[in-house]
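2 protein chains.
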Amino acid sequence: MEVELKHLMADLQSLNQSLPDPSLHASLLQIQSRVEHLANLAKSEPLRRSKVKDMSAEVVDSNPYSRLMALQRMGIVENYERIREFSIAIVGIGGVGSVAAEMLTRCGIGRLLLYDYDKVELANMNRLFFRPDQVGMTKTDAAVQTLSDINPDVLLESYTLNITTVEGFETFMSSLKNKSFRTSKQGSGVDLVLSCVDNYEARMAVNQACNELSQTWLESGVSEDAVSGHIQLLIPGETACFACAPPLVVASGVDERTLKREGVCAASLPTTMGVVAGLLVQNTLKFLLGFGQVSPYLGYNSLKDFFPTMQMKPNPQCSNFACLERQKEYILAKPARDAAEKAKLEAEPPTEEGPLHIDNEWNISVVDDCELDGSNAKSSDILPEGLTHELPVADDFPSIPACQAPTTDNDDLEELRRQLEAINS
Amino acid sequence: MEVELKHLMADLQSLNQSLPDPSLHASLLQIQSRVEHLANLAKSEPLRRSKVKDMSAEVVDSNPYSRLMALQRMGIVENYERIREFSIAIVGIGGVGSVAAEMLTRCGIGRLLLYDYDKVELANMNRLFFRPDQVGMTKTDAAVQTLSDINPDVLLESYTLNITTVEGFETFMSSLKNKSFRTSKQGSGVDLVLSCVDNYEARMAVNQACNELSQTWLESGVSEDAVSGHIQLLIPGETACFACAPPLVVASGVDERTLKREGVCAASLPTTMGVVAGLLVQNTLKFLLGFGQVSPYLGYNSLKDFFPTMQMKPNPQCSNFACLERQKEYILAKPARDAAEKAKLEAEPPTEEGPLHIDNEWNISVVDDCELDGSNAKSSDILPEGLTHELPVADDFPSIPACQAPTTDNDDLEELRRQLEAINS
Chain H
1 MEVELKHLMA
11 DLQSLNQSLP
21 DPSLHASLLQ
31 IQSRVEHLAN
41 LAKSEPLRRS
51 KVKDMSAEVV
61 DSNPYSRLMA
71 LQRMGIVENY
81 ERIREFSIAI
91 VGIGGVGSVA
101 AEMLTRCGIG
111 RLLLYDYDKV
121 ELANMNRLFF
131 RPDQVGMTKT
141 DAAVQTLSDI
151 NPDVLLESYT
161 LNITTVEGFE
171 TFMSSLKNKS
181 FRTSKQGSGV
191 DLVLSCVDNY
201 EARMAVNQAC
211 NELSQTWLES
221 GVSEDAVSGH
231 IQLLIPGETA
241 CFACAPPLVV
251 ASGVDERTLK
261 REGVCAASLP
271 TTMGVVAGLL
281 VQNTLKFLLG
291 FGQVSPYLGY
301 NSLKDFFPTM
311 QMKPNPQCSN
321 FACLERQKEY
331 ILAKPARDAA
341 EKAKLEAEPP
351 TEEGPLHIDN
361 EWNISVVDDC
371 ELDGSNAKSS
381 DILPEGLTHE
391 LPVADDFPSI
401 PACQAPTTDN
411 DDLEELRRQL
421 EAINS
Chain P
1 MEVELKHLMA
11 DLQSLNQSLP
21 DPSLHASLLQ
31 IQSRVEHLAN
41 LAKSEPLRRS
51 KVKDMSAEVV
61 DSNPYSRLMA
71 LQRMGIVENY
81 ERIREFSIAI
91 VGIGGVGSVA
101 AEMLTRCGIG
111 RLLLYDYDKV
121 ELANMNRLFF
131 RPDQVGMTKT
141 DAAVQTLSDI
151 NPDVLLESYT
161 LNITTVEGFE
171 TFMSSLKNKS
181 FRTSKQGSGV
191 DLVLSCVDNY
201 EARMAVNQAC
211 NELSQTWLES
221 GVSEDAVSGH
231 IQLLIPGETA
241 CFACAPPLVV
251 ASGVDERTLK
261 REGVCAASLP
271 TTMGVVAGLL
281 VQNTLKFLLG
291 FGQVSPYLGY
301 NSLKDFFPTM
311 QMKPNPQCSN
321 FACLERQKEY
331 ILAKPARDAA
341 EKAKLEAEPP
351 TEEGPLHIDN
361 EWNISVVDDC
371 ELDGSNAKSS
381 DILPEGLTHE
391 LPVADDFPSI
401 PACQAPTTDN
411 DDLEELRRQL
421 EAINS
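Chains as they are written, first to last, in full-length UniProt numbering: chain H, 1 to 425; chain P, 1 to 425.
Note that these hints are calculated values from the structure, not bench results.
Don't take each hint at face value.
[What the hints assert, rightly or not] Computed footprint of chain P on chain H, listed as stretches where at least three residues anywhere in the stretch have a Cβ under 8 Å from a Cβ of chain P: (1) 25-37; (2) 171-181; (3) 303-314.
[Said to hold, decoys possible] Here's a subset of chain P near chain H, in silico, CB distances under 10 Å, partners left out: (4) Ser158; (5) Thr271; (6) Val294.
For every residue, glycine included, the Cβ atom is placed at its ideal position computed from N, Cα and C.
Take these sequences, add in the hints, and give me the full structure.
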């Protein structure tokens, strides 16, 4: 529009110069002043805030970060401005992912990587974030449009691709590995991956990428009847991966036979998705900024306002090879981890009712080697009230004895597998 | 802008007619076509969706209600389209109220009444909803701008006023009493009031109005350290009103001495406010559409992902006169209520594990008359883990014996007060 207005003004100028009759100049001048007014109107419409170099804690109405920096004065966060150093990847910019992206943008996250291949439709308008005027745009483009207006300080990278295709997965992997944003970082180039996809295949693709990159991620989901959801923390090798156990869902108590009929469109609510996005990003902030406890699994049953929690250990018979590799590394690193924890405990004076492990930022208890087969127990025996498996438990996992003798440091997954084969033969 | 463009086109037309030289017509024609292009650009920018007469369940991308109407097929809601008959008042269009308004707008609520006197500032940008280009607008104007673009089917009424002033309170009361939207409704003209204010005085004003109008409301709040919040259902006469007991807050575990220092700006997070808004509107939907259980009180401690619940009975020594009137009515209506419940129970066949009271849509147990003094018990004795009173318990309430003998139908609050005076004299 700005370009159009410039051309218009140039045309009027040249017409003015070629006008023979001085009496016509007055009416042309009026036209020119109208166009100038229009140009001003057009300019003032997309009023954007300018970038902010440093986060200030100054309590003035014009400071977009004053209420966030106040978290330091309130004793919640030690150094809020560190948020600018972090990169978060959000896979799926739908009802949960788009709201999560907006929350992180408003919190002033350093860099956001957004992945989706879908377009905005009017049928999405029952969830937060997208606007009717964005219908037809790709979700990534629409998200970048909205988020860059809200906070120009956030570095946005968008990828319009399907991570379940070969090409899409390769681009996904290489974008996660890109370390140009903060060179000091170890492992992958992002601090956390948030999975906000709505199907099993896409979750398996995120799981594969994160297992290969040893990348911690948070998975989220909302049920097809729109009234329950969950978030889950996955640390490759340390917690169950998405292939270790059938995914869990929060039971809504609604007859399952009415769900998942072929061709039936799933229900969704802005409330359930907003709550799940809020819990997801709150746990992301706790993870990044080191306050509170990150939940290993948190369900939300909205019919009863019930929030089940649980922890899941990795499955030594997991079908995912990269997961087995990470499990092996985790077991092999146990002596070093124990020594580091012991040193930390000795260095710090004992606190009243202190945490079991000082550095246990995810509130996860250490998995004893002999308990590694826990995830093979019958699902109904180990799941807390209100949780059910989304898929039936696979019957082809061989059962192993309740508890092996404590394994030595030399034991690894190959050894476990050999023992297992001997038992089954 | 549209008006300006029309004037411009008229001016060009008259200039065209007065041009003597035919060679100038060509350049003027080019100018006119440029202006027409600009007019088209200006028209296409605020692309709004048209109003929808009936909510359709048709599964097409262009249907903004398909995912909501699917709640019926999923067996969650019996008649979703009823949502168009309801009016909701939201007091306080800040971090919680604005998101609640957006959720209800996207759900297709019939009518929204919005109350706030504040202006949008850059310091609000760390919470969802308002955009930097709205800085300087009143929150009510900015909300109407955004919400009417999102869903033109919702009837929006905005009131830029402070309900704690005499004049503001009067307008607030008369707006709640206006029954023109749906004439069949009994009592006030709204179905539910959502309190999303950030201070004690405003909550007391909402409490006063709702007690006077016998209007059920949902209160919400977020702590000054930004990491906890709550929602609470208040039914005048049936549950504790806001004056019955010191307000409850969810303890964050952070040293209270660091909080509430004079002149310190409160912290806030889009996550906590998004979760509280989501829980608030989810319970609003359950209340309106009759599914699931409405929580009488639900807390959110984000540091531990802990969600305490509780119920609060009215205080027969409440300082609010209108509350005492409602309590009296509630007690007097007990025989009629019991008879109606009995009739309903007899009319319907007994269901397996059915609810205690068929019509108990708020999941609140009937308060036995002799338990009416429960709220006078020492607060530390009755509060569930994780909840504390925001203010100290008032010491001037006279204590009464643990449990009176069951009162007869003739007993009312005057009688209770007489008994109390006799004990204390």
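Now the hints, each set against the structure:
1. 25-37: holds (count 7)
2. 171-181: violated (count 0)
3. 303-314: Coverage by chain P holds for the segment 303-314 of chain H (5 residues, Cβ < 8 Å).
4. Ser158: 19 Å, violated
5. Thr271: This interface hint holds because 4 Å falls under the 10 Å limit.
6. Val294: 9 Å, holds
Figure legend: structure checked against the earlier numbered hints; hints not met, in rising order: 2, 4.
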